[in-house]
Amino acid sequence: MKRILTLLLIFPLLLTACGNLIEDNVIILATTTSTQDSGLLDVLIPIFETENGYTVKTIAVGTGKALSMGENGDADVLLVHAPDAEMAVMESGSGLDRFLVMHNDFVIVGPASDPANLRGMTSASAAFIRIAESSAPFVSRGDDSGTDKKERAIWESVGVTPAWDGYIESGQGMGATLLVASEKSAYTLTDRATYLAYQDKVALDIMVEGDEVFMNIYHVITINPEKWPEVNYKGALAFANFLVAPSTQGIISTFGVDEYGQPLFFPDAE
Amino acid sequence: MNPEIFQITVLSLQVSGLATGISLLLGLPLGTWLALGHFRGRKLLLSLVNTGMALPPVVVGLVVSLTLWRSGPLGSLRLIYTPAAIVTAQTIIAAPVVTGLTAAALQALDPRLALQLRGLGASRWQVTLALWREARLPLLAALMAGFGSVISEVGASMMVGGNIRGQTRVLTTAIVLETGKGNFDIAIALSILLLALALLVNLGLTWIQQREGRT
Numbered sequence: 001m002k003r004i005l006t007l008l009l010i011f012p013l014l015l016t017a018c019g020n021l022i023e024d025n026v027i028i029l030a031t032t033t034s035t036q037d038s039g040l041l042d043v044l045i046p047i048f049e050t051e052n053g054y055t056v057k058t059i060a061v062g063t064g065k066a067l068s069m070g071e072n073g074d075a076d077v078l079l080v081h082a083p084d085a086e087m088a089v090m091e092s093g094s095g096l097d098r099f100l101v102m103h104n105d106f107v108i109v110g111p112a113s114d115p116a117n118l119r120g121m122t123s124a125s126a127a128f129i130r131i132a133e134s135s136a137p138f139v140s141r142g143d144d145s146g147t148d149k150k151e152r153a154i155w156e157s158v159g160v161t162p163a164w165d166g167y168i169e170s171g172q173g174m175g176a177t178l179l180v181a182s183e184k185s186a187y188t189l190t191d192r193a194t195y196l197a198y199q200d201k202v203a204l205d206i207m208v209e210g211d212e213v214f215m216n217i218y219h220v221i222t223i224n225p226e227k228w229p230e231v232n233y234k235g236a237l238a239f240a241n242f243l244v245a246p247s248t249q250g251i252i253s254t255f256g257v258d259e260y261g262q263p264l265f266f267p268d269a270e
Numbered sequence: 001m002n003p004e005i006f007q008i009t010v011l012s013l014q015v016s017g018l019a020t021g022i023s024l025l026l027g028l029p030l031g032t033w034l035a036l037g038h039f040r041g042r043k044l045l046l047s048l049v050n051t052g053m054a055l056p057p058v059v060v061g062l063v064v065s066l067t068l069w070r071s072g073p074l075g076s077l078r079l080i081y082t083p084a085a086i087v088t089a090q091t092i093i094a095a096p097v098v099t100g101l102t103a104a105a106l107q108a109l110d111p112r113l114a115l116q117l118r119g120l121g122a123s124r125w126q127v128t129l130a131l132w133r134e135a136r137l138p139l140l141a142a143l144m145a146g147f148g149s150v151i152s153e154v155g156a157s158m159m160v161g162g163n164i165r166g167q168t169r170v171l172t173t174a175i176v177l178e179t180g181k182g183n184f185d186i187a188i189a190l191s192i193l194l195l196a197l198a199l200l201v202n203l204g205l206t207w208i209q210q211r212e213g214r215t
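Residue numbers (the working numbering), protein chains in the order written: chain A, 1 to 270; chain B, 1 to 215.
Same shape as in the complex, but just chain B (with noise of 0.2 Å):
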């Protein structure tokens, strides 16, 4: 493979995986708390949650870019342009996602469980580990449609990457920028690298999801 796209397709999947990760590191504890609390207001922040599954990506790259250029409010942290941003801006597009998949996936469970295991003496956390290991499956889920939903983004990762070549260029924005340039066939060879990547990653998690389901 020619080293440019090799270069595209690792930092595709660096910044896409960790924004997929920070974003199971919020959305699990924060979905956890809004499946299974008793607070007020608990509904309407759900509702929230679930209205920023759908956050359109341009409209969080525009407001990344507000916020992270110089002239804004964060742009003394020289952030813009640089993969932190993109980073950035796709985590406020996968978090609520997973957060949102993961109260789904915790309420669906049989809320007698929980008072169960309640009663056998379990701790809060305990309780905590065995519902999340009850919904493992649904729970990988939500991770998977968090990577999904950030590694085929193009509108925020143009906006607060500015697909900068050798620095900020992902698959993506790369496809956008070459079949502007009337290069439709490099255009499709990084559209299949794209999926092929998405594929492999959904493949392996599901093979996971399956092995762990067996067992």
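The following block holds chain A by itself, in its conformation from the complex (with noise of 0.2 Å):
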């Protein structure tokens, strides 16, 4: 019994004793739900450690939570899609470089059955109207990620305020709210690339594509180690210029080819 408390004490602190010595080498990421759950960041990150000898905590959250932390100084580097408050970041003189990667895009999603009548849309905010007026279910993020930003930033310009009983918020990430919109036979505002991973899971047709509104932009965005000078720059820097660079902009032009048949995101780096 002895031992084996011993043993159980000794492992870990030996495990923190390492991690703490090569904490120069740790970044930490925070990003959206949809790069994590779309399989993305499983596939780059490894290259990524391998070839610059970082270890990547990847915290997955929403683009708000991600923002916030960058903020704080409590990441090193973002992974985000919401322009207007990744500006605010910036202006603030807590984001130091910020590079365009990629971009995919939002669509609408919904049961076969189709209450609103929506499929063959092209308008997103005719859609949403649509939606509206017909009080049909619809799952929101409710989270202040980007996917949820955007969703507002629509219903905003739309002037609806959304409140009818179908509305509901689920709080979650994009791979969760599908599967509640799928449960609840509901609509949901969601990227492709998310939905496109979730196909096999969920019982729910893309109805609305195309609109301009609908472009969903990925930006990384080191943080100022003069404003807060815990961060990693040199770090968060090199997984920057990690995710412009040539080869990594050719492995995201091909992710999901081969699984979904068409790629899930579109590199944008010059």
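Simulated from the structure, these hints should not be mistaken for lab results. Cβ atoms here follow ideal geometry from the backbone N, Cα and C, with glycine treated the same way. Honestly, I wouldn't trust all of these hints.
Using C-beta positions, here's what the derived DEER-type ranges look like [as the list claims (entries may be wrong)]:
| hint | chain 1 | residue 1 | chain 2 | residue 2 | range |
| --- | --- | --- | --- | --- | --- |
| 1 | B | LEU66 | A | PHE99 | 30 to 36 Å |
| 2 | A | TRP164 | B | ASN183 | 30 to 36 Å |
| 3 | B | LYS43 | A | GLY53 | 53 to 59 Å |
Capping the alpha-carbon separation at 25 Å, the derived lysine-lysine pairs in DSS-like fashion look like this [to be verified]:
| hint | chain 1 | residue 1 | chain 2 | residue 2 |
| --- | --- | --- | --- | --- |
| 4 | A | LYS65 | B | LYS181 |
| 5 | A | LYS184 | A | LYS149 |
| 6 | A | LYS149 | B | LYS181 |
| 7 | A | LYS201 | B | LYS181 |
| 8 | A | LYS149 | A | LYS234 |
| 9 | A | LYS65 | A | LYS234 |
| 10 | A | LYS227 | A | LYS65 |
| 11 | B | LYS181 | A | LYS184 |
| 12 | A | LYS201 | A | LYS184 |
Two chains, each in its own frame: build the complex with the hints.
Set out below in structure tokens:
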């Protein structure tokens, strides 16, 4: 018993000790749930870690939370998709470098029964108005993520305050929200990448796509070490440069093609 | 077994085992002092500990996160999103459980036992040892309850550990992630593993308890 307890005590202490010694090689990446749920980071991060010798701590949260982690210096680098909110972080001086990485698009998905009769529409605002008019079930992220910000911006643009009974907030990541929408036979706004990754698990079809406002743009932002001396700027910049490097952009452009027959993200770096 | 699942399982056992071990080191003396000591404020302290037994893990997670974030007071320790941060949070959850149950176990003993031992000339330390020996069964139960409260805990581990693949992903946070991903088969497999582990550890402790109970 004593021996077991001693072993239990010693192992994690050693682990933490080692962890602290190589702390300079650790970077904290705060990012959106969509990059994790789609599986893209599972492909990119091991390559970055092997090539550059860093260990990446990926914290997958909504873009809102990721940006606030950046503003407080709690993360070294951000991969986010809410351009307006990102500008606020840059202007406050917390963000230092900001590179365009990639884009994909949002789509409205819904049950095959299509109670609001949206199938085939191409206008986001017209579709949102039709959902509101028929008080159709709709699952919102409600977590201040990039997708949630986009959804609220569209509601605002059409002058609707969504408040009917069928409008619910899941408060969870994109993948989990798709599962909720599928169970509730509801519409939801999703990025295409997460939807494609979840296609087999949910009974939802793409209803509306192709509107300009559906453009979903991802930037990488490094946190300013002059404002937050604790951040690992060297590691953050290495990661940002890795994301926009031609070889990485090439991987992004083919990611998902084998499995879904189409790319999930489109590289945009110069 | 898949090496990633193996690593997650080992980490869960290490983190929760260490947290339970530290809780025992803190809780055994503290609980003994609360049960046997005579001092002002003892009842207040005891009721505080008993309240602590019901500490919601998410509240512990929030407070530990705020403390350990780089912008927090202990941020320079760089402990957030490490196994050590999970151990810290789980210790805060398990220590009151071990302390409270230790105090209850010792208070349940016949008070004449301590008096008699002292009358026979035993030192304070000898009396304490004898009482621990006498109460070893409920004390083991206290240890099991402490371990049970942290191996099954998810809120604090998620918040302070960050559920980072290969680093701070433990069984409970992996189950949340896989359920969110819609991978119910993996989630169920992990759940069975978690249940089996809890069962094994408790069987082991019960076995020791029963064996010692007979001698």
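Now for the hints, and whether the structure bears them out:
Here the CB-CB span from LEU66 of chain B to PHE99 of chain A is close to 31 Å, well matched to the stated 30 to 36 Å. The hinted range of 30 to 36 Å is satisfied by TRP164 of chain A and ASN183 of chain B, whose Cβ atoms lie roughly 33 Å apart. Between LYS43 of chain B and GLY53 of chain A the Cβ separation comes to about 57 Å, which falls inside the hinted range of 53 to 59 Å. The hinted pair formed by LYS65 of chain A and LYS181 of chain B meets the criterion: a straight-line CA distance of about 20 Å does not exceed 25 Å.
For the proposed pair LYS184 of chain A and LYS149 of chain A, the alpha carbon gap of about 22 Å is at most 25 Å, so the pair holds. A hinted pair counts as satisfied when its Cα atoms are at most 25 Å apart, and LYS149 of chain A with LYS181 of chain B qualifies at roughly 22 Å. Pair hint LYS201 of chain A plus LYS181 of chain B holds up; C-alpha atoms about 9 Å apart against a cutoff of 25 Å. Restraint check: the Cα-Cα separation between LYS149 of chain A and LYS234 of chain A comes to about 31 Å, which exceeds 25 Å; the hinted pair is violated.
Between LYS65 of chain A and LYS234 of chain A the CA atoms are separated by roughly 23 Å; this keeps the pair inside 25 Å, and the hint holds. At most 25 Å may separate the alpha-carbon atoms for a hinted pair to count; LYS227 of chain A and LYS65 of chain A meet this at roughly 19 Å. At roughly 17 Å between alpha-carbon atoms, LYS181 of chain B and LYS184 of chain A fall within 25 Å of each other, so this suggested pair holds. With a C-alpha separation of about 14 Å, the suggested pair LYS201 of chain A and LYS184 of chain A falls inside the 25 Å cut-off, and the hint holds.
The structure fails to meet hint 8 from the earlier list, while all remaining hints are met.
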